[in-house]
Amino acid sequence: MKYSYFPGCSMESTAKSYRLATEYVMGRIGIELIEIKDWNCCGATSGHALNELLGLALPARSLAIAEREEPELDIVTGCASCYARLRHAMHKARTDNASRYNIEKTIEEPYGAKREVYNFLDILTSEAAKTAIRENVTGGLRGLKVACYYGCLNVRPAEVTGAPDRENPQAMDEIVALAGADPVDWAFKTECCGAAHQNDAASVTRPLVWRILKNAQANGAEAVVTACPMCNLNLEMRQDGYTKKTGGKAIPVFSVSELLAVAMGASAGRIALEAHHVPAAKVLASALRRHGEGFAI
Amino acid sequence: MSRIGVFVCHCGTNIASTVDPERVAAASRGIPGVAFAAEYKYMCSEPGQQMIKDAIREQKLDRIVIASCSPRMHEITFRKMLKGTDVNPYMLEIANIREQCSWVHTDKEKATAKAVDLVRMSVSKASKNEPLFTSTIPVTKKALVIGGGIAGIQAALDIADAGHEVTLIEREPSIGGKMAMLDKTFPTLDCSACISTPKMVDVGAHPNITLRTSCEVTGVSGYIGNFEVSIRQKARYVNHDVCTGCGLCETKCPVKVTSEFNQGLSTRPAIFKLFPQAVPSKPVIDKEHCRKLREGKCGICEKLCPLGCIHYEDEDRDFTEPFGAILIATGYRLIDWGALYGEYGGGRYKDVLSGLQFERTVNAAGPTEGHIVRPSDGKEPETVVIVKCVGSRDPKKGKGYCSRACCMYAAKHAHQILDKLPGTRVFLFYIDVRTPGKGYEEFYDQTRKDGAVYVRGRISKIYEEKGQLICQGEDTLLGQQVRVRADMVILETAMEPSAGVEELTSLLGVARDGNNWVQEAHPKLRPVETQVGGVFLAGACQGPKDIPDTVSQASAAAAKVIGLLNKSEMETSPMISAVERDKCSGCGACVNICPYTAISLQEIDDRLGARRIKREVASVNAGLCQGCGACTSACRTGALDLLGFKNAQILEEVDALCL
Amino acid sequence: MQSEKQKEQKEKLDELLRKADVRQYDCYQCGKCTGGCPMAHAMDLKPRGVMRCTQIGSLERIVKSNTIWLCTGCHTCVERCPHDVNIPNLIEEARYLAAEMGYVRRDSKILNEVFLANIRMFGRNHEMLLAGLYNMLSLKPLQDMPTVPHMLTHKLIGVLPHQTKNTAGINRMIARAEKFSSMRPAGK
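Protein sequences appear in the order of chains H, Z and E. The first sequence begins at 1 in this note's numbering and counts up by one. The second sequence begins at 1001 in this note's numbering and counts up by one. The third sequence begins at 2001 in this note's numbering and counts up by one.
Fair warning: there could be bad hints in the mix.
[Stated by the list, open to error] Facing chain E, a subset of chain H residues (Cβ under 7 Å, in silico):
#1 C9
#2 L50
#3 A196
#4 L208
#5 W210
In case anyone wonders, no lab produced these hints; they're calculated from the structure. Think of the CB as a built atom: it goes at the ideal place given N, C-alpha and C, for glycine as much as any other residue.
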């Protein structure tokens, strides 16, 4: 399987371990990601705050390049914000001729919106990918209780994402279970974490993070698994207040790629697990140790 | 030359505000064949009708055109009026200048011109009308009531008390319907079982009522007064003629099945009575779950039964019976909220109940013997949240309509909780409180006095944290988001038509509305009739309803059925198809196209030149023909014509407009 | 009689609703939107209040609210709205209108400017630069400072940013978007 790949800005910096783990996992299960040539920021979230057209043009430029360079390939991204912006541009170009005309005029290039935009969850739940995951995991994460956090933009708005269940989605739970871990039933899978305002309204978005973490822990989760670098960073960086103000216990947060990589035998160093703000290696190591497997931290 | 009278109705301002009746009448006087024209405020009123009758006598009119509302509204009224005159009732034409003119236009000039055109067309058609005469058919003096809830029970009893035979069929093993599941009824708080079970017993014992449970309608043919209904008696595997209902068989059955009567809150055996007060008070075997029927092993109930009633080889039986009238009383079911509302947990949380589950919980005959406790741990709740409009007034995920009864039973639930568990905190989340009924607003007042807290706002999310339910919504009167920690949540879910109503209405040829409720013939003037003659309706099959409304409607429908069955014979419409045998080639196209199976081919003796031959021609059954006219357009030789709507009459109308 | 100002407000509001594809009469004020809104606690006008303002014709309260700047665009409100009222669309359009009318929340304005400068320079979002510049300009120099050493040690943020090569093309695109945005697509 081959996809045009839109990494997104966070993958290149703060989401280092997510990037390394994604490269590792995709390599193991035979999915080839071809990075879109000279891609640019998708615009999330300020791009569309003040100028609708710019909010469409920024993602459309990268999509147009992808369709020009690899016309046979669908596009995939590992970031929920990028996914939302890319899909929004695709959806607009498909459903509104005036918008498409304006987009093409702005990016000075035709954009046919012929290829689909997927997120990692979409491509990891294809039958072929699931089979490959099943064949590659060791089963050492059995009993590790995790809360699968999808975030808002991987599922909403429905008309843009086409997600079948926006309240209690199952795709990531399915992948996590295939990796051998134990997804908990919890209620905040698609509650917004407020990552969009982590700079300009930090104090009022903190309660959003805390509520998510609290519900995850109340339902027995030892870690939160994400499918978005922005969510991941936000859920980790805002934990200082969570422990200080609510008395909650710190909880590791890592991406579904990292969980899969560890399940497939990657060492902590291989995927830079130490880069997490909230230590993530320990919980994975103790899960592996329960089944007699070692884990190089 | 015919002498046609034209009468133009103002219909108050309904017509007169957009169409000028005086000008229409004046223009009519210039149409060839019109001998007289007049206008009046309300033609259908007593003075209006008298005006027409006087004109017939004084002007020696032989045909009448009335320009008024749709013929669906008053054609019958005016036909009845003509019965007392020298003009045959079928020498009447209605020009619809209301629904098809004044109501849909705004330009008075153009609308008036169109009204004149419509009158001109009707005059042309009337000039070709011929007198028609009704015939009569016998009426089968027996009614079929479909559905054994409180609507069907009440209607069956009323019809039977009037002296007519009734067959009541119910697909469940017992009658009783939803009312049998309820604990108390608002606003009087009578015990539901105490008022419904005596009626159930009456049904079982009434000499004029034949009760058939575990039965479904599989086919309907015939017409008003003369229906033939095919019914399937589903296998019960218990001989009810011999069974005394001792209940021994149920005691040792090894199978545990989720109880549908207790809404999943308890289990029942595979051989079971629906509930202790079931009528008939005899068990049936659930073949989906019976070990003997599925795997061939077990047979314990057969061994236990002292009278040898158990017959594992029982089979479904089909039979056909004639009926003169049919009454639909199939009721409602609650929506499957779990599939629709992920934000309320989608059915994952044990202590989030539907209203009907709460009814079973609070019912002394229910799984907890009336103790209000949480299904998860059997503890009494300290805080209960009641959520109204779950699936109602929600066109996106649920139903666009208001389910009408929920406001009141939500108040009743709050009252019952506060009555049985004093000190409990009860919050009712609502959008509007609707109490239009006798004693209803007073009941709502009392519930607030009891201590229930009404919060205006719709709950947005229900989730669980450490065994505690949290209901998140907005108190819209405060303008603040609120989170209520609750031990139990009751969702007052929307009503929708019972399963299978599509199939049943298709068999009967009865229409449904956009939400699949059975469509009444007229919302105000014919509320318990369907548009199919001889088929009536009662209760929640027509739309969400509470018990008082359902019972009133059942008695109303029963009155209609009694009125029909009191006749020994009834008039049939003469506006049916007629065959000109000379023109018929016997091709059979009409036989295939007739939706009422009213046409068949018949062999006749004929001549071909000098030779005597036998050939087939179409023949119309006057009892079955509904006058739809499909056959006349299918007939290649023009041998078929619909009396009252002959091709020549319709063409005359078209010519009047186009030539 | 309506004053000229009232008429102008009404016209602007009608235009806003038309662009957002929202009909004010669809809302019956049930509050399910606000009940589920993750940011409601911080908003001076809740999502239901925004709809209420469209009903009573108070455009001013909408464009001056902090709501349109605090909305995260998570779409929970419209997801659960029984009448599918697209409040996020309305808020987005209200933001454009507020900018036209000169009501932009200070912090949002700084962030957007820093973001745009970032994109102009690199074509991509340089997270440290974005946060650093924003924090300084918004007079919150200490925000998230404790995490910086961790990020630098683990090379999560670098001094030399990754970037799109064709920044000239990106700048041209931004200029065009700004020029064309006065001719926004009519068929929304």
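How the hints compare with the structure:
Checking H:C9 against chain E by beta carbon gives a least distance of about 4 Å; that is within 7 Å, so the hint holds. Among the interface hints, the one on H:L50 holds; its C-beta lies about 5 Å from the nearest C-beta in chain E, closer than the 7 Å criterion. With a cut of 7 Å, the hint placing H:A196 at the interface with chain E holds, because the nearest CB-to-CB distance is about 5 Å. For H:L208, the suggested interface contact is upheld, since its CB lies about 5 Å from the closest CB of chain E, less than 7 Å.
The interface hint given for H:W210 is violated, since its Cβ lies 11 Å from the closest Cβ of chain E, which is over the 7 Å cut-off.
Against the hints set out earlier in the document, a violation occurs for number 5 only.
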